[in-house]
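Chemist: All chains, please: the whole structure from these sequences, using the hints.
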Amino acid sequence: MTGKPPPDEVLRIEDLNVAVHDGAATAVRGISLSVHTGEIVGMVGESGSGKTLTCRAALGVLPKGCHIERGTISFEREDVTQLSPRGWQRLHGTGIGAVFQDPSSYLTPSLSVGSQVAEVLRVKQKLSRRAAHDKTLELFTAVGLRNPALVFHQIPAELSGGMLQRVMIAIAISCEPRLIIADEATTALDVTIQAEIIELLKDLRDQRGLAVLFVSHDLAVIRELCDRVVVFYAGEVVESGSVEEIIEQPRHPYTQALLRVASVGDYQRRELEVIAGQPPRVGAEITGCRFAQRCPAAIDACRTAPISLAKLAPGHQARCVRANDPELAGVIEAEMAAR
Amino acid sequence: MTAQAADRSVTDARATPLLSVENVDVVLGRGWRANHVLSGVNLAVRPGEIVGLVGETGSGKTTLARTIVGLVRPRSGRVVYDGAETSRLRGGALRRERRQGHVQLVFQDPLRSLDPDLTVDQIVGEGLRIRGGLDPAEVKARVIEALRKVGLDAGLLSRTPGQISGGQRQRVSIARALAADPGLLLCDEPVSALDASNRNYILRLLGDLRDTLNLPIVIISHDLSSLAGIADRVVVLYRGRIVEDGPVSQVFSAPKHPYTALLMASAPSVKHDRPLSVHQLRRTDADPAVGRELRVASACVFAARCPFAIDACAVQPDLEPVAGPAANAGGDPWTAACHRRQEWPALARDRKQ
Numbered sequence: 001m002t003g004k005p006p007p008d009e010v011l012r013i014e015d016l017n018v019a020v021h022d023g024a025a026t027a028v029r030g031i032s033l034s035v036h037t038g039e040i041v042g043m044v045g046e047s048g049s050g051k052t053l054t055c056r057a058a059l060g061v062l063p064k065g066c067h068i069e070r071g072t073i074s075f076e077r078e079d080v081t082q083l084s085p086r087g088w089q090r091l092h093g094t095g096i097g098a099v100f101q102d103p104s105s106y107l108t109p110s111l112s113v114g115s116q117v118a119e120v121l122r123v124k125q126k127l128s129r130r131a132a133h134d135k136t137l138e139l140f141t142a143v144g145l146r147n148p149a150l151v152f153h154q155i156p157a158e159l160s161g162g163m164l165q166r167v168m169i170a171i172a173i174s175c176e177p178r179l180i181i182a183d184e185a186t187t188a189l190d191v192t193i194q195a196e197i198i199e200l201l202k203d204l205r206d207q208r209g210l211a212v213l214f215v216s217h218d219l220a221v222i223r224e225l226c227d228r229v230v231v232f233y234a235g236e237v238v239e240s241g242s243v244e245e246i247i248e249q250p251r252h253p254y255t256q257a258l259l260r261v262a263s264v265g266d267y268q269r270r271e272l273e274v275i276a277g278q279p280p281r282v283g284a285e286i287t288g289c290r291f292a293q294r295c296p297a298a299i300d301a302c303r304t305a306p307i308s309l310a311k312l313a314p315g316h317q318a319r320c321v322r323a324n325d326p327e328l329a330g331v332i333e334a335e336m337a338a339r
Numbered sequence: 001m002t003a004q005a006a007d008r009s010v011t012d013a014r015a016t017p018l019l020s021v022e023n024v025d026v027v028l029g030r031g032w033r034a035n036h037v038l039s040g041v042n043l044a045v046r047p048g049e050i051v052g053l054v055g056e057t058g059s060g061k062t063t064l065a066r067t068i069v070g071l072v073r074p075r076s077g078r079v080v081y082d083g084a085e086t087s088r089l090r091g092g093a094l095r096r097e098r099r100q101g102h103v104q105l106v107f108q109d110p111l112r113s114l115d116p117d118l119t120v121d122q123i124v125g126e127g128l129r130i131r132g133g134l135d136p137a138e139v140k141a142r143v144i145e146a147l148r149k150v151g152l153d154a155g156l157l158s159r160t161p162g163q164i165s166g167g168q169r170q171r172v173s174i175a176r177a178l179a180a181d182p183g184l185l186l187c188d189e190p191v192s193a194l195d196a197s198n199r200n201y202i203l204r205l206l207g208d209l210r211d212t213l214n215l216p217i218v219i220i221s222h223d224l225s226s227l228a229g230i231a232d233r234v235v236v237l238y239r240g241r242i243v244e245d246g247p248v249s250q251v252f253s254a255p256k257h258p259y260t261a262l263l264m265a266s267a268p269s270v271k272h273d274r275p276l277s278v279h280q281l282r283r284t285d286a287d288p289a290v291g292r293e294l295r296v297a298s299a300c301v302f303a304a305r306c307p308f309a310i311d312a313c314a315v316q317p318d319l320e321p322v323a324g325p326a327a328n329a330g331g332d333p334w335t336a337a338c339h340r341r342q343e344w345p346a347l348a349r350d351r352k353q
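Those protein sequence lines, which keep their order, are chains A and B.
Quick note, the first sequence lines up with residues 1 to 339 if you use the working numbering.
Quick note, the second sequence lines up with residues 1 to 353 if you use the working numbering.
Restricting the straight-line Cα-Cα distance to at most 25 Å, the calculated cross-link-like pairs of lysine-lysine (PhoX-like) are:
1) K135(A) to K202(A)
2) K124(A) to K135(A)
3) K352(B) to K202(A)
4) K202(A) to K271(B)
5) K271(B) to K352(B)
FYI, nobody ran anything at the bench for these hints, they're computed from the structure.
Modeler: As structure tokens, this is what we get:
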């Protein structure tokens, strides 16, 4: 907040609160994060932790009954928090592209996928029919669709889930946005296809200098794709840092627990651990740490006062009173293995 | 039923499978639309065994499950459950067999497979009420017992699926299946809609059910890693054919089919120490184009995607026993359908990472 932000900062969210149920509850609390050019930032957390609401706020498409209570969202250093629907429309596609979980539900089933990509180009870029057609074929090649001329004339039902997701990514990058927001974009895909889409997103980042905000509930997917990761729990950021640091040295008990339940990929028989309990209700008012009721290492100090995000190392923050306690990891390990 | 199952496993655990699928072909659609969904599939499930069935979308996993419970009729081959050929049953006999509830199917997405207007009590007890022969108090007791087995409290009885969490919904689906006191449980992607913690919880629950009830379970999944902690045997399907079948520990330590290896290398992981990378197992632009002879229906199903395909792969290989000392260690059969099952691992290691 002090001084000028770095010149390549594409998205910055500052102290964001999102209210749901017409203001009856606060589902997202004090979220801050930023995404830079050429960087892939992952958001990870359980369902209901506020990842998707944060994304939708950053896209200006909050669902009915939800509004921004507090905080600012800036896109390329321009405050877009109070942007009008028309303003957002101008930004969509040309500034920010989006990819969601279920590609088939975002495409019209009776029109060829090519015509749906070309339509975006004609509306947004004012391209002629011919130019839009050619650009679409170019995009299909860029997202790794073999035989683009054939795919152009196929309808969604004729394509596999992986091909449809590539079409969605082609639409997302069609108007050369600087930022892509991908909400569970690989969750519904087969593992072999998921691996291909992850590579595609990395290639697009490398070739086009895209910034990507990638949401997933699976830490293993985040590990494969992202440079930095922000861990969400019950509407708050509980830890953030580089992927290496978060995977090698997680400091928040929730991150440690998430890692213990994530796919290890070594295929050896091992104990299947679980995080006991349920996250608090959306909007529940809790003094102190929101994870304390499920935390195997909770102490009295966790429940008495609000806990702030503490800086542990450059670029690494965690919201835990015991973040610097050397015994923390041992306690979590012993408690989770015992359950 | 349970007592019988336990008894059987003591006497002849190895010899007689409880369920056997023998040489099953399934064709859906007719004429030019005919689609060969399963070809020559063999599967045996023994008492107390957890079998993982793995494959990608369209590989025929779900069709196989539907064939086993009699929702799809095989064109040829047979399904035998507990000595009786269930794939032969028609009309009233099929209905009677189904009402026995010997084989229970747990569906993928509990939000879509559970009626949103019914309460948990009605969902779990519906099958018992239709089967008849129990008074309402007995049904209620069985419902509560089924919920207890999956770790759910009777306090949920009056809730509807919309009022409980995703993990709880999947447990309700399993309780619904257990209420029928089945001899075999078929779970179609039981964890793919869940987060990591709930996924582990459900898998652990299935493992416990096998241990306490000696219940054999088939778990269908597109994700190999979710089977690693729980299955005894893994069966890999690709485009309607079984390409590899063997004990989990052996298959996962040295897969003998390139597709199994590709599945393993593709699964995301928080650690980066895979024996082979996906690039070593995928065709690249550097590989020669796939010849026409490998694209015909009689060719190996995986040939068009396989970087190790040779001329011999123009003929679909049969499942053959894997040779070598590792194969005999467990005593359980291990088979793979690949002409190059001896050579490809070395070739893969030489490819660019």
